[in-house]
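Residue numbers (my numbering), protein chains in the order written: chain A, 5 to 423; chain B, 5 to 423; chain C, 5 to 423.
Hints are computed from structural coordinates only; laboratory data are not their basis. Please note that the accuracy of each hint is not assured.
You can't tell identical chains apart in this list, so a pair holds if it fits in one copy or across any two.
[Stated by the list, open to error] Derived pair list, reagent style SDA-like, types lysine to any residue, alpha-carbon separation capped at 25 Å: (1) 36 with 248; (2) 24 with 202; (3) 226 with 332; (4) 346 with 281; (5) 344 with 111; (6) 277 with 382; (7) 343 with 111; (8) 234 with 388; (9) 343 with 156; (10) 185 with 356; (11) 343 with 405; (12) 389 with 309; (13) 349 with 265; (14) 346 with 154; (15) 234 with 91; (16) 36 with 156; (17) 300 with 160; (18) 344 with 409.
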Amino acid sequence: LVLFAGGVSAEQGDSDISAKLERMEAEIAELKSRLAQKDESDAEQESDISLLSQKLDEVSAGDAPFYGSAFENWSFGGYGDVHANFNEGDGSDQFDFHRLVLYLGYDFSDWIKFHSEWELEHAYVSDDSGGEFLIEQAYFDFLLSNEFNVRAGRVLTPLGILNKWHEPTLFNGVERPSFAKYIIPTTWSSDGIGAFGRLSPEWSYEAYVVGGLDGSKFDDVKGIRGGRIKERPSLHEPAFTGRVDYRPVAGFGGGDLRLGVSGYAGGLDNGNKGSNPGIDGDIRIASADFEWSVSKFDFTGAVAHTSIDGAREIGNGTAEEMFGWYLEAGYHIWPEHWKKGKFAKTDMIVFARYDDYDTQYQMPFGVAANPAGDRNEITLGVSWKLTPDFVVKADYQIREDDSDEDLNDGINLGIGFTF
Amino acid sequence: LVLFAGGVSAEQGDSDISAKLERMEAEIAELKSRLAQKDESDAEQESDISLLSQKLDEVSAGDAPFYGSAFENWSFGGYGDVHANFNEGDGSDQFDFHRLVLYLGYDFSDWIKFHSEWELEHAYVSDDSGGEFLIEQAYFDFLLSNEFNVRAGRVLTPLGILNKWHEPTLFNGVERPSFAKYIIPTTWSSDGIGAFGRLSPEWSYEAYVVGGLDGSKFDDVKGIRGGRIKERPSLHEPAFTGRVDYRPVAGFGGGDLRLGVSGYAGGLDNGNKGSNPGIDGDIRIASADFEWSVSKFDFTGAVAHTSIDGAREIGNGTAEEMFGWYLEAGYHIWPEHWKKGKFAKTDMIVFARYDDYDTQYQMPFGVAANPAGDRNEITLGVSWKLTPDFVVKADYQIREDDSDEDLNDGINLGIGFTF
Amino acid sequence: LVLFAGGVSAEQGDSDISAKLERMEAEIAELKSRLAQKDESDAEQESDISLLSQKLDEVSAGDAPFYGSAFENWSFGGYGDVHANFNEGDGSDQFDFHRLVLYLGYDFSDWIKFHSEWELEHAYVSDDSGGEFLIEQAYFDFLLSNEFNVRAGRVLTPLGILNKWHEPTLFNGVERPSFAKYIIPTTWSSDGIGAFGRLSPEWSYEAYVVGGLDGSKFDDVKGIRGGRIKERPSLHEPAFTGRVDYRPVAGFGGGDLRLGVSGYAGGLDNGNKGSNPGIDGDIRIASADFEWSVSKFDFTGAVAHTSIDGAREIGNGTAEEMFGWYLEAGYHIWPEHWKKGKFAKTDMIVFARYDDYDTQYQMPFGVAANPAGDRNEITLGVSWKLTPDFVVKADYQIREDDSDEDLNDGINLGIGFTF
């Protein structure tokens, strides 16, 4: 019985085992076939990886041609300003490729960085053109800490708003505010050395000692604009300039706010190529500015006061004091539900700006003011940002001065872009 | 018996099973070892992939420095024209880095694109040089459909062949045809806005309204060449210009054919910086051109007729009508079996061109034609394209005009390239 | 018994088998689970690879915008020289963005290569500026073998040291040696064609036939400097110029040595735009130079002798012979243990240089020498290479000439960089 049972159990066991074995054999076969598939898929992956690696080598080879160092040490960018200006009456109507600018940057190390701006004005330079090709900025940053860093070279004199942030996607209006042309003569570059940093999340500053202005080129209507030295400034009488900005982290009134104050003080006996015109005088400029974006509104404005010692001796109708300010309000009108398709990143701002600027604000005793120096300007316009980097602009400008002849009103169309 | 049989069958079964088990164990062992290999190979692949990923991050980091956007939004290119000109008799012999040009493009979005051409002429610009640095093209394309797109900015006036397609690898001869210098004053840029598109696979067009020419700069021998405004054109009297091209998809006579007609019509009271010279006149130009490549031959040619209202008032010997044409035949002589090694992509074209151009074709009543304005030119030469982007050129030019003194013949050597 | 044994053995066998089967089943289960893991890891790798491939496509897309060809055919670089010059007495003090230079290269094929140098001098070019924008080099190399290659275009005249290797990280002193300004008028470009190569690991050469100088612009104090033609040189009277350099592979005295000799010989009846001033004369210059770095010392120097036929006829006080030389010794003082952190790649060299240069060395019979032409200059300074590509320089220069009035001494500060 036992045996029988044994026999039976063996037989039964055998058939169990056989079934098991069959199942296991099938499983092993399946495992084999899956492993074979894996072999195939691994071979494919291997070949994918080697192809990727080869392609990557080709792409990386693209870095090689950069002479001094690798591609990632370079940076590129630029901006442009294209204008069509139409003026009433006998005023001129012109097309102007006003500015085409390339930025070029290079990192010499993680703490020494170069930044430069190469500007072609009016699209044409020759020996009898009105165009210019020049370096507006070219400076070296020595990054030491959040709070204190050194900057040397050609910097944008840090007064007001537009002189420092002058890309056309950053301001409304085809032309820059006239305040930023005649009171703070934008674009105004200075050559020197200084410091910059962020003292806290809210407070930042920059301060430089630079070559001073050429006082002999000041005049009644253009103010200090002619005094900028674009080439090789004399270092005879230096100037000091700087600014402090405050950006409350929590904002202000539910919006983004920036408040800035800036100043400039220096001598005027400087010319090109190290020559000195022999001017005995000096200049002080104090300015304040703000930008406040709240809900769909943008408010911005600046004010500046200039005082000149030696204005009488300088002559050319140079004033003892100049003064100007502007205030602008903009409103974002592009509806949210239009932000799709071609217009996914589109914005549109309508704005109004009032500019008041007087280059004959306070005259030396006994010198008559030229009433053409006391001007104001109303600008009504629209900025259509098709993309954040590309803006089409249109505006109407009503201009007045204190003289009997009125200034021409004008219509301006423009395209501005950064890249 | 049963038991025995059972026993036997069990025993026999056991040995079968044992064999099977052994085989299966071996298979399992093999599977294990193959899986272990897979583990290894997978670990290797894992590390390969992570290395690739790291490298790719490094390479991608190269994109970061582009300010406004990523590297792939930019495009770069350029071309250059180097000449050595030798003239018979008292003519001058000179080396001339005539043109070095950089192209810069940027895509603001998939439908707004910028293209610009920065040209340095004669390799030197200063306050007393003959060289120039200028923007020859800088326009924005707004891509809307195949058939209709908008273009705004500085465009190449779309007349004839050379003004639009002026890269030195695209034409034979060291110097451009004189027709393309005095009848269609190449390179001629215009500032304005217009449309372009492809109406079918065979028909394409472009059409613009642009700032007009300065008629006060026209003259007897150079024709309308001086009337181009390179800087800030007045928008006082606009001009309309456009072209239509036909390229039969099936070709023509077994070859590639392009036929084009182009035109220009506009006022002449325009100057630089929005000033207007006070010219009461207008101009109309009609032109046709073709390019036909068939077998080893290239045929190309253009004709243009210019009529000017107010020529008498303009003076300077300006004609009422100007007329010119040229015809060129080229033959590809580089043998197929020489196209290997250093010369794998080499081509060589011998050509002959006849230019006939008369800037004094029809004079105002009572004004005598200057016979120096009626000229023709035979050019015999060779273009050796070492690569499709790099060509060495040589030619001999026989020049004649209607005056008693003959023009100097000349030999020209040149290198042309695009990149 | 047999049966029993059979029964027993069968039963024992069964339990063995069962155990084995259980073990095998467990193993199969484990294999299955490992394969399942592999499936997962393979799927992950697959997705990693496909992500990498996608990213790579995006990065590679960055190549596409290069017009003529792929990104890897281009090369970029540049250098810059920023100076602040302070002069004693009535001398001028100026800031000068003296040079900003971009290199652009392009490979048309593996044997045809283009290299160009675009230089902006004094940061400003307009119709009344002292600045310049020019092409200092632009040549095509046709690479044929180590020993013999062809170069055509605008090359740096290969005389002395500085004219060829003029990047500010390659020499000590804010300003280039005066020898390299008045005896070998650096930077001096010539247009022509020639050959270059390396005859052995030790010997290299270059030799060209180029457009000659304009003798009518020579004078007493600036020597041949005014005779360079920057724009379109006449090819009326060619010049031949070349150099040979020897660099002993084993070095010299345990240091790196380079010895060079160079020469120039040609006619002087050449002007701009192919015009010829009508000068009947010619010039020969012979020069030798060396650079030797041994231990912490750098020694460098050059000498040149110029002889001019027709000096009397040229006038302007042009001498029959000019002669000059300079010798400089530098010592690397930056301690090894300071080379860490921000200063990991920093070096500092103190140096002394003596320049002796006389543009009135031998006068035509009966013409008096201008004693202001016979000058010498001692320069003591320091070059602080914060990185190998970025150097801050300072030096003091004591200048003398043979006239009664002494030259102003000066202090120079500078930043030089290459990228």
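Structure-based check of each hint:
{"no.": "1", "hint": "36 with 248", "in the structure": "neither (73 Å within a copy, 68 Å between copies)"}
{"no.": "2", "hint": "24 with 202", "in the structure": "neither (75 Å within a copy, 73 Å between copies)"}
{"no.": "3", "hint": "226 with 332", "in the structure": "within (23 Å within a copy, 51 Å between copies)"}
{"no.": "4", "hint": "346 with 281", "in the structure": "neither (56 Å within a copy, 43 Å between copies)"}
{"no.": "5", "hint": "344 with 111", "in the structure": "between (38 Å within a copy, 18 Å between copies)"}
{"no.": "6", "hint": "277 with 382", "in the structure": "between (40 Å within a copy, 24 Å between copies)"}
{"no.": "7", "hint": "343 with 111", "in the structure": "between (38 Å within a copy, 19 Å between copies)"}
{"no.": "8", "hint": "234 with 388", "in the structure": "neither (33 Å within a copy, 28 Å between copies)"}
{"no.": "9", "hint": "343 with 156", "in the structure": "between (43 Å within a copy, 24 Å between copies)"}
{"no.": "10", "hint": "185 with 356", "in the structure": "within (18 Å within a copy, 48 Å between copies)"}
{"no.": "11", "hint": "343 with 405", "in the structure": "neither (42 Å within a copy, 63 Å between copies)"}
{"no.": "12", "hint": "389 with 309", "in the structure": "neither (33 Å within a copy, 43 Å between copies)"}
{"no.": "13", "hint": "349 with 265", "in the structure": "neither (33 Å within a copy, 40 Å between copies)"}
{"no.": "14", "hint": "346 with 154", "in the structure": "between (44 Å within a copy, 15 Å between copies)"}
{"no.": "15", "hint": "234 with 91", "in the structure": "between (29 Å within a copy, 21 Å between copies)"}
{"no.": "16", "hint": "36 with 156", "in the structure": "neither (70 Å within a copy, 66 Å between copies)"}
{"no.": "17", "hint": "300 with 160", "in the structure": "neither (30 Å within a copy, 41 Å between copies)"}
{"no.": "18", "hint": "344 with 409", "in the structure": "neither (49 Å within a copy, 69 Å between copies)"}
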